[in-house]
Amino acid sequence: MNDFAHLLDRLAYEPRRNAKLRLLQDYFARTPDPERGYALAAMTGGLTFREAKPALIRGLVEERVDPTLFRLSHNYVGDLAETASLIWPGPEDPAGPGAAHLSPTGEGGPSEPGPGHNNPPPHVPTLAEVVETLAETRKADLPRHLATWLDALDETGRWALLKLVTGNLRVGVSARLAKTAVGALGGHEADAVEEVWHGLEPPYATLFAWVEGRGERPETLNPAPFRPPMLSHPIEEESDFDKLEPEAFSGEWKWDGIRVQLVGGRDRAGAQVARIYSRTGEDISGAFPDLAEAVTFTGALDGELLILREGRVQSFNVLQQRLNRKAVTGKLLDEFPAHVRAYDLLTAEGEDLRPLPFAERRARLEAFVARLDHARIDISPLVPFATWEDLAAARADPASVGAGEDADAIEGVMLKRLNSAYLPGRPKGPWWKWKREPHLVDAVMMYAQRGHGKRSSFYSDYTFGVWREGPEGGPELVPVGKAYHGFTDAELAKLDRYVRNHTTKRFGPVREVEYGPDRGLVLEIAFEGVQRSTRHKSGVAMRFPRVSRIRWDKPAAEADRIELLERILARGEREIAPGATLIGEDT
Amino acid sequence: MPLRASDLLTLTREGLYCPLGRFHVDPTWPVPRALITHGHADHARSGHGSVLATPETLRIMAVRYGEDFCTTRQEARLGEAIRVGDVTVRFAPAGHVLGSAQIAIEAEGVRVVVSGDYKRARDPTCLPFEPVPCDVFITEATFGLPVFRMPDTGEEVAKLLASVALVPERAHIVGAYALGKAQRVMALLREAGYDRPIYLHGAMEKLTELYKREGLALGETPKVVAAERGQLHGAIVLCPPSAIQDLWSRKFPDPVTSFASGWMRVRARARQKGVELPLVISDHSDWPDLCRTIRETGAEEVWVTHGQEDALVHWCGLQGIRAKPLHLIGYGDDDTEAPPEPAETAA
Chain Y
1 MNDFAHLLDR LAYEPRRNAK LRLLQDYFAR TPDPERGYAL AAMTGGLTFR EAKPALIRGL
61 VEERVDPTLF RLSHNYVGDL AETASLIWPG PEDPAGPGAA HLSPTGEGGP SEPGPGHNNP
121 PPHVPTLAEV VETLAETRKA DLPRHLATWL DALDETGRWA LLKLVTGNLR VGVSARLAKT
181 AVGALGGHEA DAVEEVWHGL EPPYATLFAW VEGRGERPET LNPAPFRPPM LSHPIEEESD
241 FDKLEPEAFS GEWKWDGIRV QLVGGRDRAG AQVARIYSRT GEDISGAFPD LAEAVTFTGA
301 LDGELLILRE GRVQSFNVLQ QRLNRKAVTG KLLDEFPAHV RAYDLLTAEG EDLRPLPFAE
361 RRARLEAFVA RLDHARIDIS PLVPFATWED LAAARADPAS VGAGEDADAI EGVMLKRLNS
421 AYLPGRPKGP WWKWKREPHL VDAVMMYAQR GHGKRSSFYS DYTFGVWREG PEGGPELVPV
481 GKAYHGFTDA ELAKLDRYVR NHTTKRFGPV REVEYGPDRG LVLEIAFEGV QRSTRHKSGV
541 AMRFPRVSRI RWDKPAAEAD RIELLERILA RGEREIAPGA TLIGEDT
Chain V
1 MPLRASDLLT LTREGLYCPL GRFHVDPTWP VPRALITHGH ADHARSGHGS VLATPETLRI
61 MAVRYGEDFC TTRQEARLGE AIRVGDVTVR FAPAGHVLGS AQIAIEAEGV RVVVSGDYKR
121 ARDPTCLPFE PVPCDVFITE ATFGLPVFRM PDTGEEVAKL LASVALVPER AHIVGAYALG
181 KAQRVMALLR EAGYDRPIYL HGAMEKLTEL YKREGLALGE TPKVVAAERG QLHGAIVLCP
241 PSAIQDLWSR KFPDPVTSFA SGWMRVRARA RQKGVELPLV ISDHSDWPDL CRTIRETGAE
301 EVWVTHGQED ALVHWCGLQG IRAKPLHLIG YGDDDTEAPP EPAETAA
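Sequence order for the protein chains is Y and V. Take the first sequence: its letter number 344 is residue 344 in this note's numbering, and every next letter is one higher. Take the second sequence: its letter number 50 is residue 50 in this note's numbering, and every next letter is one higher.
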């Protein structure tokens, strides 16, 4: 447990992906089963057990530490698990448990060693022991187990244990990265691990045996497994079209929804199993019971999850209102009916279609969906074109090329090579995405914040504003968003120098820079859309804002006004919840 | 009427003042007569009339402020009784940094000890703390909360060396206060067998030279030359905390940012500073040592100068020891003592 805890601690401080990967690989390579398997489960969200409530932790600490000292400490540290782990009289404490500087009564102390001082050191639990015990422990026994473990673990171990049992373990690595590290033990890609993943259970002994070449590839027992999706590359208009033949490709709309995989199958008892996976393999079936009902087939469909009302695709803003809800109520299902617009068929009736060329899969898909004949699932239509100019026209105005009223939910076109197999990951060449032109706004830099990792010494995150009518009549800048990419390293160095030379105020890692009608730096911001937001002072929030150009030449007074954003908002206006998180958006 | 502790020591605008001896201790403003516990800038300021301090502290002040940092100076030998006005003072080691001392002030059988900043943990760069029995003990409380229990420094240095071994292509930039912490880290690295050069930011050079003149074997400690920064793959570089995230650190090869400080005990603190490799190395007493020290002095009364005083005052209450916070201002901002390198502002 201590070893796992120290890994978590290192990962939490390490911003670099490759360094995290190195730490993970090192850990998996040197740690035996089943310990590493439970560690993998903890990192991929695969552990379930009875969680401890904060009150239980507080109670345990107050049996050992004066409540006032604990309260003052908690106020200072802020985090309960960390406070408890730091203050717990553990094995490293020279005075032993019940030391005078901690106990409520002031008894004990170095001259009167506490109980256990002369006993052998307590047994340090492994993660496996902790997880296995928690899985079968009764509520009444939980405090006793916790106290015993806390007495044996070091500070980092106690911290990780408390985070784990309170359900607040944030690892700082994605499930994908953990799987990448496991695969690397035996030279396997993360996708190969992903293929066998669903259906495996902690502590994943068969998985480790396989990647280390000691065992067979685990047969997936899951009748409806996830298959890593095929992803596309953005097309470079200037360079890529010259190299591509229009007749070798099929075109279709790029829908502004979330990429999902609908998988159906029969379990051993013959009962239907229906799963909806996000593009990262997260099982989201629970959030979409209306759609899961439509998975009556045996096979795997790749498509876009969209909200349809009266046959019309709604904008992403509408979909997001459904994504953000914790509880799936009948009202939500009625107001935001989920659909899938299918664009690929990966398996059907036990047959793996992925090696087939796209054109053949498409034919099979059309027949499959027609046979299924379910109102929740339809086909993403093809966009016919003979030349790249035809396609450009369709992309510019989807409504005129058959998209009709759904045009607002289209964010571009997809190009798929007719003879290409379905390959997991992002192979370069077979699939391209050609997004619609982003919106642009000229905004003025107002604040800058230091970045993370490699950028921690650079002011790389910029809050920008546009003009509006101030309360006293004159124009004022109101912040409308924050951007932290879109510029080169050389441009970043210039922006950073600009921030340092034009700082007016400092708030910790944030600096306010000069701005006003006669001063300030104009940034041209590209973005994908505007949403209403109660969280922003301006009332609007942008999707995917990034710096497209730095307008060193442009006077701040000539930057855009808020009305520009409000017009874009009005076009696709749907009220959305603040603090929205976007899942699975990037295809 | 018997003498009271408040006759020996009282609080003025400039800081702690001894009316019977007519001197201040660690005053934050220029005064006619000052007794200085140690050389950190928040305790040792320039511009006093006469200064009484340990020889090492006087030399540190001269390096920092120039030879004219005061009008007259007097060396205090550890343990020696010195008459000042109507009181006797005695300096005892505090274990904080080179030359750091507690000051015991005594008259008519009543003794007050001003500990200054102190620690009990081992430090190869200075003499260990000696408890001095007294009636009133004046303590700091920088880490005066039970969450502050400092780990063994050997383990922390091992963490740094393990990281250097894991990513030998990257430079390790370690923030450390220029007086004391930096030299302690160097000494600990040498004890751990690290024998390669330890590179220094320009702001650390003079004080490190002073430590070497005082007899500490710190090995080869070259100053980082601007043009060479890009070549220092795998090097350990010490700099003032403020330089970790400054332009200065940027030229090193893919630097790992580290910070040696007791504040690194709390994860949120380390994250706020953007530190990737926190090293919990403190020159102040942790909570168990504050408590232990108060007991060992046998003091019936404790005054707390600065830091997290609430918890320590509360703990004294639990022990039946009278305690009060002094709310001294101007102490504890060690970080300000690291000036940026002037040539770096437009790099």
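Hints are computed from structural coordinates only; laboratory data are not their basis. Hints may be right or wrong, so weigh each one.
Here are some, though not all, of the chain V residues that point toward chain Y, as calculated from beta-carbon distances under 10 angstroms [said to hold, decoys possible]: (1) 14; (2) 17; (3) 164; (4) 266; (5) 269.
Residues of chain Y clear of chain V, computed beta-carbon distances all greater than 10 angstroms [stated by the list, open to error]: (6) 22; (7) 79; (8) 83; (9) 86; (10) 138; (11) 374; (12) 426; (13) 456; (14) 502.
The C-beta atom is built at its ideal place from N, Cα and C for all residues, glycine as well.
> Which earlier hints turn out false for this structure, listed by number in ascending order?
Replying inline: 1, 2, 3, 6, 7, 8, 9, 13
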